[in-house]
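Novice: Combine both chains into one complex, guided by the hints.
From first to last, the protein sequence lines are chains Z and H.
When the letters of the first sequence are read in order and numbered with the working numbering, they come out as residues 11 to 125.
When the letters of the second sequence are read in order and numbered with the working numbering, they come out as residues 1295 to 1406.
Rather than coming from a laboratory, the hints here were simulated on the basis of the structure.
The hints are all genuine.
The calculated DSS-like cross-link candidates involving lysine-lysine, where the alpha carbons are at most 27 angstroms apart (straight line), are:
#1 H:K1331 - Z:K67
#2 H:K1331 - Z:K19
#3 H:K1295 - H:K1365
#4 Z:K67 - Z:K19
#5 H:K1331 - H:K1295
#6 H:K1295 - Z:K67
Here are a few chain H residues that sit away from chain Z, every Cβ distance over 12 angstroms (derived from the structure):
#7 T1350
#8 T1357
#9 S1374
#10 I1403
All C-beta atoms in this analysis are idealised placements derived from N, C-alpha and C, irrespective of residue type, glycine included.
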Amino acid sequence: NAGVTQTPKFRVLKTGQSMTLLCAQDMNHEYMYWYRQDPGMGLRLIHYSVGEGTTAKGEVPDGYNVSRLKKQNFLLGLESAAPSQTSVYFCASRLGLAGNIGELFFGEGSRLTVL
Amino acid sequence: KNQVEQSPQSLIILEGKNCTLQCNYTVSPFSNLRWYKQDTGRGPVSLTIMTFSENTKSNGRYTATLDADTKQSSLHITASQLSDSASYICVGLSGGSYIPTFGRGTSLIVHP
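This is chain H alone, in the form it adopts within the complex (with noise of 0.2 angstroms):
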């Protein structure tokens, strides 16, 4: 069965520090993972994809890490704002499959 877990839960960070959201997964075949920002009251974002080949990919302050031999992901937020206060979720998705596999959710305050 896929599988797809997250830490820490929750998090506050003061507004310009950095942080680091973790996700390990179980997909197979596997495809691509997603992290996905879900700002208070609206719908879940595509942030960045994450496929095979690599290892490491940037959206502007946003930078994504995948370790397919350890099956860990990690979203790494520099210079934290008060936008950045949002749930982050990971998804898998394994090849040829119709239901991605989502994490729970880490979600991120950004206090002033």
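Only chain Z is shown next, with the shape it has when bound in the complex (with noise of 0.2 angstroms):
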């Protein structure tokens, strides 16, 4: 079992540079999201999406892109790195509102530095 699976693990960037995130679950959850853990601040909601060809924005959106063009996949993008986005990236997914009582299941995170 898969789980949720999140590429890279680790990357280095030069500011100003893209890079996009991709996050894929296997157990056809409805909802995904996109989180950045920073010492001292726990998860920070980025962005979410509630189904296929759906995103909004979560609680720090600025600075990113999203898309979620088939319901396994959440993408997670940075157009224009700057160091304040160094930081650990978590993907979660969640059955939906009518199951699972609202269980989130994590990836193991991707480590991104920005010089």
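Specialist: This is the structure:
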């Protein structure tokens, strides 16, 4: 059981470069989320999706874009990376309002450093 | 606005000792509250879920409580082990909501 898979696991970027983080889940979950985790700040929601073709902004969306063209994939893009985006990024998925009372399943994280 | 506050921010205990982590929540309308364990370098994993009608629930050496009147939850760890060293995150969910509300977590270090 793969669950939630994030790629890449590590990446170093220079300021101004762009990149995409990929999240894939094989549990047929409706909802997917991207969080960033910084020391002392906890997990903060960047963007989320409640179904294929839909996305919405979370708490800290600036500088990020997302797409969910397929139900199993949720992409997080950085168009012009900044040092403030150095963080660990977590993807999570959830069955949906109708089931499992909201348990989130997380990926293993993607550590991004922007120089 | 929904909020989840956790205390203490960090905790150091000796192996074999017990400890209790606290979570105060304002989540409306309340659906459930989960405790997640996050090992260093890993993603969080659900330990237990508490719904409105549940006061106490155990999962091995972990026991969670919920007081719906005071809007407090606790996670008690019995006979701690080195493997309990992790961050413990309290997460509230309101009914019909897409977005869970996260606490900032309690970092637990268990020393031998």
